[in-house]
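Each chain, letter by letter, is given below.
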Amino acid sequence: MIRTEELLLNVGPQHPSTHGVFRIVVKLDGEIITEATPVMGYLHRGTEKLAENLNFTQIIPYTDRMDYVSAMTNNYVLCHSVEKMMGLEIPERAEFLRLIVMEMQRVASHLVWWGTYLLDIGAMSPFLYAFSDRERILQLFNELCGARLTYNYMRVGGVKWDAPDGWIDRVKTFVKDMHFRLDEYHNLVSGNEIFLSRIKGVGQYDAQTAIDYGLSGANLRSTGVQWDLRKTEPYSLYDRFEFDVPVGKNGDCYDRYLCRMEEITQSLRILDQALEQFPGEGDTMGKVPRAIRPPAGEIYVRIESPRGEIGCHIVSKGKAEPYRLKFRRPSFVNLQILPKLLVGESMTNLVTILGGIDIVLGEVDC
Amino acid sequence: MQHFWDQPLSWGTAAIFAAGAVGVLAFVLFFVTYAIYFERKVIGWMQYRKGPNRTGPLGLLQSVADVAKLLLKEDTIPKKADKGLFVLAPVLAFVPSFAVLAMIPYSMNLQFADLNVGFLYYIALSGITTIAIVVGGWASNNKYALLGGMRSAAQMISYEVPLVISVVGCVMLSGSLNLREIVESQAGYFWQWNFIPQIIGFAVFLVAAVSELNRTPFDLPEAESELVAGYHVEYSGFRFAFFMLTEYVYVYAIAALTTLLFLGGWNAPAPQLDFIPGILWFFVKFAFIVFSLFWIRATFPRLRVDQLMGLAWKVLLPLAILNIFLTAIGIELMR
Amino acid sequence: MSDDNKREEDSAAPAPAAGDTPAAPAPAAEGDAAPPKRKETDEEKAARRKAALEAREAAKAAAAQAAAQAAQTAQTAGAAGDSAEGSEPQDPPKPPSPNQPRLDRVVALLRELVAEDAVEEAYINEPNDHLPTLVVKNDRWLQAAGLFRNHAELGCNYLRNVSGVDYETHMEVVYYPLSLESRHVYCVKVKADRENASVASVTPIWETANWNEREIYDLLGIDFPGHPDLRRIMMPDDWVGHPLRKDYVPLDPEV
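Chains as they are written, first to last, in this note's numbering: chain Y, 166 to 531; chain R, -12 to 322; chain L, 732 to 986.
Please keep in mind that the hints were generated in silico from the structure rather than gathered at the bench.
Misleading hints may appear alongside valid ones.
[Said to hold, decoys possible] Beta-carbon label-pair distances, calculated as ranges:
| id | chain 1 | residue 1 | chain 2 | residue 2 | range |
| --- | --- | --- | --- | --- | --- |
| 1 | L | Pro981 | R | Gly71 | 50 to 56 Å |
| 2 | Y | Thr169 | R | Lys70 | 25 to 31 Å |
| 3 | R | Val271 | Y | His344 | 36 to 42 Å |
| 4 | Y | Leu215 | R | Val78 | 53 to 59 Å |
[Said to hold, decoys possible] DSS-like, lysine-lysine: derived pairs with alpha carbons at most 27 Å apart:
| id | chain 1 | residue 1 | chain 2 | residue 2 |
| --- | --- | --- | --- | --- |
| 5 | L | Lys920 | Y | Lys482 |
| 6 | R | Lys56 | Y | Lys192 |
| 7 | Y | Lys505 | R | Lys130 |
| 8 | Y | Lys396 | L | Lys868 |
| 9 | Y | Lys214 | L | Lys977 |
| 10 | R | Lys37 | Y | Lys341 |
| 11 | Y | Lys396 | Y | Lys249 |
| 12 | R | Lys130 | Y | Lys192 |
| 13 | R | Lys66 | Y | Lys192 |
| 14 | L | Lys977 | Y | Lys484 |
| 15 | Y | Lys365 | R | Lys37 |
| 16 | R | Lys66 | R | Lys56 |
| 17 | R | Lys130 | R | Lys66 |
| 18 | Y | Lys396 | L | Lys977 |
| 19 | L | Lys920 | Y | Lys337 |
Computed from a predicted model, the values in this text were never measured in an experiment.
Note that the Cβ used here is the ideal one computed from N, Cα and C, for glycine as well.
The whole structure should be built from the sequences, with the hints applied where relevant.
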């Protein structure tokens, strides 16, 4: 008589493929997952609590540390919500700079995702290719604001630094090269039989489920829902540029992969246009009162981060500090669907599915 | 070497055997050291990196330093591990890997044991390593290690079947299991090497061999992104070095076997080139196979367990059997 | 490190209440050496020092004015201090908000289909893109949420955000349901007592509320009856207190 029992396995918080200190307690029957319980909070720093004692400019560096792969969009969502509350006008040059860095950030973020996803699936080289390209973006950011990861670049009312001489041209060169590199990546990876067999049909859900779970970003679009805040609720200058919103059909990891890859192309397209139209001169800071004190009231502002809808809910009492600041973090919301997707999958697919959702733990735990 | 086998064992011959073994071991260690260096360099170049370049000229001493580090490291055994088995596993893994090298002929005369069942000897011994890996995974008392060990057992047992059957074609062509005779039967121009008449067998053999080596894209037992490091997750220091060594010695063995079975061993690509010593030809082909293994590693993602098993039983095995029939028909027609 | 520089530098910029002239130049001078630095300070450093006091006073006055205005406005009105006098009736000079009909419609629907007293308050949050904002009665919320989700006219199938706010007088959970088809978004607030705060869980209606409610439970201590798995999510299971509450006493005040 064989006695079988379930294996309780802690995946994480130290695990190469949980992309940070994320932990999933899985019950395994052989290698098949019968139950998965995500456990998080290992990176909870209480950003929202800390923010209640800081003025708005001081909060910006904290947003860098939320989704540290895409700090620029986090900067933007906070600054944008305060500006909206105060009814500030942003100079065009500053807004262009913001848009350019946000789109570069999107490319960089998707490159990180692409590299690490391939690494999860067992291919080593794409990781290094992706990082060598991301490195160029980081260098450009470094020239712009003196930081490579946590930029603290945007301010309420504009941006901290103007583009240095020749910076725009260097970005143009980068965008041109990136188009070419992207084709190479597609040649190398997108048609690889092993890769396709690993991700096609894995982690599949339909549009209704995605909407129920409040997924956003590529996770939602992979099911065929055309929902990109840059298009549906335009902010910044996005309504000035032509770009497409790639959508998938099946809602599996493969469609999410294609969506994200296509989003890089579309971001490059936006960058092409934005760099062309970039105003030659102008202010980088608008007219901002000395004290940034949003009038009493509340606001919810959302933008499209590389991972989905990042929102900022501010309750102000007319003070320099927010009364309550809440971030809607796309990774946190998107991650909710994970336990549902994992049941019945193998350990190998755990990594594929988790990677496909694209989480950043700094953002999940906040 | 062969004539010593025919004499009764004396102290003298035993000493010669021991010296030979030490010589091979030294050579293999040298190979492993520089195979690792070469692998890191090659993969580095493929990834726009430089690879090791700090320790010694051109980083040539990097692997030496790594091995020294491993040997000097504190020897840790997990508290809840099965100590006896934990210690035994690396040894059990390494010994057969080294023992299989005995039957490899490097040239017409350079061979340690001219077995007439050379290939079977390889298969029989390399199977023991599977046991060692399962033992290591089990004894570690770690769930990842256990999963890795189980995967490894399933994988290596499954892939041994197509591996053996794919070679049957070669054996039929040369009429012998003796590796030297298999090589001799491939003499002549390079299109007489087995990889052309046995193209299906060659393909199946290559895939199965990579899988036997637990290398990308079949590195599931140690899939670092899923199982952290698989069966050797709890091993460190020189015990880990033994597992590592085993892996690379098998790289050596498989590269040598592929060369012998399918690439004409020490035969020159054309009889006109016979003035170049056979052993050189052997090592050129051997190096090419080793390079290909590294190349594959830098290129492919990893398969999933069910796909891996499916590939072995649903694709490779039927192909290998088909190859046998085709070879038989071919032999009949050529006669 | 750079954070510290930042904080010091920026504390000079937005004029802290107790900021004096001697305090301002010192951090500014330190900010000079620090890499993240405003461009303006480069250009107009001298002018800035002179103007510092003046500007600060102006800012103070502006803030005071804003505060006064805010005080005038009903606290819960939430609309920008300079725009709304009352909540529902529009300021006579202002044109009615484009979203006013939508708001009226929702209120009517809620009153008709849920309960006459379901809506406690309804107004347009103008700075936030004229967001129709409703305060729904706590014990009617579950029904109201069902209406938002299922009513053909509203069809809010997507719950975009859930946040909890501690107003010291009461707790509030703020929902942002959204209809992906019509792209209409609403802000729904539900108030709860501070002691034994409890709001019906909408996880059965919008699956996405699940972790959001767990987070609010964890950080603000609001109970969500009907939630399938209400556990702490960010803090350890044995944590005492709910950190985002205004009366939370940190374990170590230094942290």
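Hints, verified against the model:
1. Pro981/L <-> Gly71/R: 50 to 56 Å: Cβ of Pro981/L to Cβ of Gly71/R: about 52 Å, so the range 50 to 56 Å holds.
2. Thr169/Y <-> Lys70/R: 25 to 31 Å: holds (27 Å)
3. Val271/R <-> His344/Y: 36 to 42 Å: holds (41 Å)
4. Leu215/Y <-> Val78/R: 53 to 59 Å: holds (55 Å)
5. Lys920/L <-> Lys482/Y: Answer holds: Lys920/L to Lys482/Y is near 17 Å, not above 27 Å.
6. Lys56/R <-> Lys192/Y: Distance ~38 Å between Lys56/R and Lys192/Y Cα, so the pair is violated.
7. Lys505/Y <-> Lys130/R: Holds. Lys505/Y to Lys130/R sits at ~23 Å (cutoff 27 Å).
8. Lys396/Y <-> Lys868/L: At roughly 35 Å apart (the allowed maximum being 27 Å), Lys868/L and Lys396/Y break the hint.
9. Lys214/Y <-> Lys977/L: holds (9 Å)
10. Lys37/R <-> Lys341/Y: Roughly 26 Å between the alpha carbons, so the hint for Lys37/R and Lys341/Y holds.
11. Lys396/Y <-> Lys249/Y: holds (19 Å)
12. Lys130/R <-> Lys192/Y: Measuring from Cα to Cα gives roughly 12 Å; hence the hint holds.
13. Lys66/R <-> Lys192/Y: holds (24 Å)
14. Lys977/L <-> Lys484/Y: holds (16 Å)
15. Lys365/Y <-> Lys37/R: violated (34 Å)
16. Lys66/R <-> Lys56/R: holds (23 Å)
17. Lys130/R <-> Lys66/R: OK: Lys130/R and Lys66/R at ~15 Å, within 27 Å.
18. Lys396/Y <-> Lys977/L: Roughly 38 Å between the alpha carbons, so the hint for Lys396/Y and Lys977/L is violated.
19. Lys920/L <-> Lys337/Y: violated (46 Å)
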